[in-house]
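Trainee: Taking the hints as your guide, dock the two standalone chains into a single complex.
The residues making up each chain are set out below.
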Amino acid sequence: MRRVLTVRDLALGYSSEPLLEDLAFDVRRGEVFAILGGSGCGKSTLLRALVGLLQPLRGKVHLFGYGAPAQALEPPAFGVLFQSSALFGSLTLLDNVALPLRKWTRLPEDAVEAVAHSRLRIVGLGGFERHLPSEVSGGMKKRAGIARALALDPQLLFLDEPSAGLDPVTAAGLDELILTLRQSLGVTTVLVTHELASIYRVADTCIMLDRDAKGIIARGSPRDLRDRSSDARVQAFFLRRAPGGAT
Amino acid sequence: MRRPVTEPAFTIELQQHDGRRRAQLRGRVTLQDGASLWHDLRAILQDALEPTEIDLTGVTVLDGGGAALLLAASAQARQRGRTIAIVGATGEIARVLRLYDCPGVECLRGAPQRKSLLAQIGDGCHDLLRQVRDILDFIGELVVGIVAAVRRPRTVHLSELTMLMERAGANGLPITAVIHFLIGTILGLQGAVQLHRFGADAFLANLVGLSVVRELGPLMTAIVVAGRSGAAYAAELGTMQVGEEVDALRTLGQDPQRFLVFPRVLALAVTVPLLTAFADLVGCLGGMFIGMVELGIPPTAYLNQLRDAMTLSDVGTGLIKSAFFAALIGLVACQRGLQTRGGAQGVGASTTSAVVVVLFGLVALDAVFTMIFRLLGW
Ligand SMILES: Nc1ncnc2c1ncn2[C@@H]1O[C@H](COP(=O)(O)OP(=O)(O)OP(=O)(O)O)[C@@H](O)[C@H]1O
Ligand SMILES: [Mg+2]
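Sequence lines, in order, name chains D and P.
FYI, the numbering used here numbers position 23 of the first sequence as 23, with every residue one higher than the one before it.
Just add 247 to wherever you are in the second sequence, counting from 1, and you've got the numbering used here.
Be aware that a few hints might be false.
[Said to hold, decoys possible] Here are the computed lysine-lysine pairs in the DSS-like style, where the Cα-Cα straight-line distance is at most 30 Å:
| no. | chain 1 | residue 1 | chain 2 | residue 2 |
| --- | --- | --- | --- | --- |
| 1 | D | 103 | D | 141 |
| 2 | P | 362 | D | 214 |
| 3 | D | 214 | D | 60 |
| 4 | D | 60 | P | 362 |
[To be verified] Non-contacting residues of chain D with respect to chain P, defined by C-beta distances greater than 12 Å in every case (computed):
| no. | residue |
| --- | --- |
| 5 | 14 |
| 6 | 57 |
| 7 | 105 |
| 8 | 110 |
| 9 | 121 |
| 10 | 132 |
| 11 | 153 |
| 12 | 212 |
| 13 | 234 |
No lab work stands behind these hints: they were computed from the structure.
Ideal Cβ placement from N, Cα and C applies to all residues, glycine included.
This is chain P alone, in the form it adopts within the complex (with noise of 0.2 Å):
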């Protein structure tokens, strides 16, 4: 049992004769009253001008933590020039203080260092050089892949497509209802109150429609497929490269592209669009509750404005889209947990990355899809 903190267990009293100091340690030296032992070490061999002897005869037990502290206080001393000599240790006592009397090696590595402005962005452009390489390496590995998986389709690994086409696809039904629902009706109160202003109740399903359908739709099912299984793509294949699993797959002559990303990034390319209809659909029905709650339009009213105002366009743009959102999530994931570096923390930073750039990555490829509809009219 621990003794609660008291009186140390250890005595030193500090003897002085014809210009000899003697300190006499006594009792149980241990790591537990380790703090006192430094402390009074130090204050004796911190001012010994005279050779210094430390003497052990009357030490009961001198455990690994007490041994350690002796001999680093009297370390210590010696670099600082003074004479320190450890006598007296017998036995078991003898012993313990051998083991701990390695010669070390000091510390070859320095302490980490807080590092100048100037070399932190330096180390910035460096990494992120490192990183546009290893994007155009994952690259140029995607094709290289894409071919040898065209010539020969059973190498890629599809065992567990259906398992990744649940996982990202029909679990993600009801938070994707949920937000399209609400997005729907979000739509749908801030054009009821404009248009209502204009006697223009009737173009809700127009303002509604045409926004989920050819914008928000898509968008937000992509972010919320980011979330969730873009940031699980990265942290499950970081996870599987700090654990050498990927490695082992090289080995088993298994390449990781085939293995892990094809199989991810056709998951999400078959789901999304089809999450994506099927919020285009719940987005829509949101916007028709509001009509109902707050304009007072029928259904029937609100569903035939909403097949005059809609074209096949507009959801084919939409559904386009997300088949090339799916792709960014899939193999932005898969890139940045594939490059993973370090351990746990690694994981998590990877992971991070990997949904930010996601998220850049949508809103950019989103207004370039819109720029280049808008020229093709579609």
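Bound conformation, chain D alone (with noise of 0.2 Å):
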């Protein structure tokens, strides 16, 4: 399988003193690819240096046919959904879904709020596209921010713990989404989460980041991880035990 994203010898942080370092991994074209790890401990800046948003302090992130990252020159290759979600206060739901539209796309405006309403409408946003950002829940600001990194139908797709603050139904529908999107348009997703339901059903890949060993301590599919890691700090985390704790 081609690789889409090729990450070596990276090292982040926002001072001198890195954060992580000697990160090196390959995300496959069409996978499911999860960043796992303890708050705090560099998931959102790894997110952010491979979207090009962050500088590395050393090393290189590579986007095989993509371009380089996060450049206005071209319509970006890749959506984002950030953790804060990031949707524009003045603009509604929908504007917000549209905006990457309008600019990139030459739909006339009846097809551009078509193709965002739809997107909306696939996170369970319908009847919701007039509200502003501040007249919806933390939840539903996250499912907008989906709908609009899936605006352009990108091929990769970078989300910051999509299903924080979901409830299980909805977030095994995101589940649902991400997989179809993989299976029916080989969509790649690179994903930050916590939610053990979801790395189980949707990653096919996972590294697991630890901020005293500031890199990566395991990979793996999800299972092996489980099953197979000596790692206490892996045990913890698949097992839900907190470090040290009697059980």
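Mentor: So, in structure tokens, the structure goes:
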């Protein structure tokens, strides 16, 4: 299978002191790649580096066939959902989704609205098109963020905790969406998540980051990690155990 | 890689026999060719008097955008009473189609429409009333806050006070100095021409000194502070309000008045009179400079004349005014900030309105003070 993303010797941080170093991994076309790890270990930071919003301290991110990341010269080749959703507060949900369509397609206005409507509908936001982000709930913002990331039918998606704040039913619907995109359209998804159920259901490959180790402490399919890893930190994550806690 | 704009990657062919129409879609149906897809589909479906089938058997790729456009075009035609069926979708194509074919709740709220003049006037009045009520609310809370603060001064959050004073006062010195030196020279130049005609050169110090100390020093300083600190406070508190930080303060048992407003008002009330005193001095020096250059008045003569011309009440009234100006700036800016609604736009609006209201308030307050001081003979 072809790779869409390669990371080699990557070191990331917000000062000269790296938060993560010696990162190396590949993401293959059509796979769902999950980034796991404790809160504050640098998952969002890694995602920012992958999409080109954060300059690495060392090393490089290669996005094959997608040009240089985050350049405004051609249509963005990937969709990004930020952890905070990052919706534009002065635009309605519909306009948030329509923004990239207006900029990068030559669709007439009614077609733009039709497409934006359906994007919102598949994340269950039909009927909230004219609401402002400040008028919807946190989980709804998250879903609108996903609809916006899907706007241009990207072949590569970066999702930062897509199911955070969603009820189990909606979260399951989201997993279904990710799987459909992968199977029917070959969409590659890189996602950060803490939801064990969702990890088992959608992820082909996981990497687990650790704050103290400043890097990847485990990689493999979720079941392999759960059943075969002897690392106490990985076990603690998959068995939801508090560190050092008596069980 | 995106292909350059070329021929669409799909074809659409219309076949017609035995009163049935069949639109045969082939190739890659994607958002990229969305514009042509939308155009072609609508052309075919618009005048579909007979039942029409859209046949997807030959479609190799259907992406989300393609599916959305296909379904939207059929739905529109159906609304006009046409009979449209989408057939021949299998496997992954059918799956994408199903994903996008969720029965949609149609938009509950219509697109915002332009309001009539009458409605706009009504909205305006309503807004005005609401603002008046907000201001009264704010004053009420403020009074309660002051009483509570006097009773228990420790509940006022003063740890930021020195930082706020530095930002509002010390950091504002350079701009205050430049502006007042220029004001002194402008007054000096204008005055020098007129005074020279009457041979009253020596009175330059009276003219510049009194104008600066009684009026221009306090007012211009307040305007500078309104632009620097007033706008900053409104934006700061507005962003906190929008980001639910103010609500968070309340849940932590902190009163926003005592936590955010008092320290800011206090910081201004202390620093603005000091800035004004400094501005008075620099303004007079500007006049002295012009006196020297234009009229050849030696500095000592200018300063002696200045001492004779000015009384303590001239300086004092200016400084009293400036303390009230400071309170006005602080209160209005904080009130606007805390009453911000909406997102980034709301912050912009409240900052603008803070500066506008403060500027108007400063001039109005100045007029009131001038009258009062006249009556008192100060
Ligand atoms: N803009 C920033 N400047 C400096 N340090 C930052 C910045 N953003 C994040 N950090 C630091 O980087 C570390 C990793 O942050 P990051 O947001 O990547 O964590 P995360 O793994 O996504 O956590 P979570 O699961 O809670 O979202 C944290 O310790 C944080 O303090
Ligand atoms: Mg994060």
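Trainee: Now tell me if each hint is right for this structure.
Mentor: Tested hints:
no., hint, in the structure
1, 103/D to 141/D, "22 Å, holds"
2, 362/P to 214/D, "58 Å, violated"
3, 214/D to 60/D, "17 Å, holds"
4, 60/D to 362/P, "54 Å, violated"
5, 14, "21 Å, holds"
6, 57, "30 Å, holds"
7, 105, "5 Å, violated"
8, 110, "8 Å, violated"
9, 121, "5 Å, violated"
10, 132, "7 Å, violated"
11, 153, "4 Å, violated"
12, 212, "31 Å, holds"
13, 234, "34 Å, holds"
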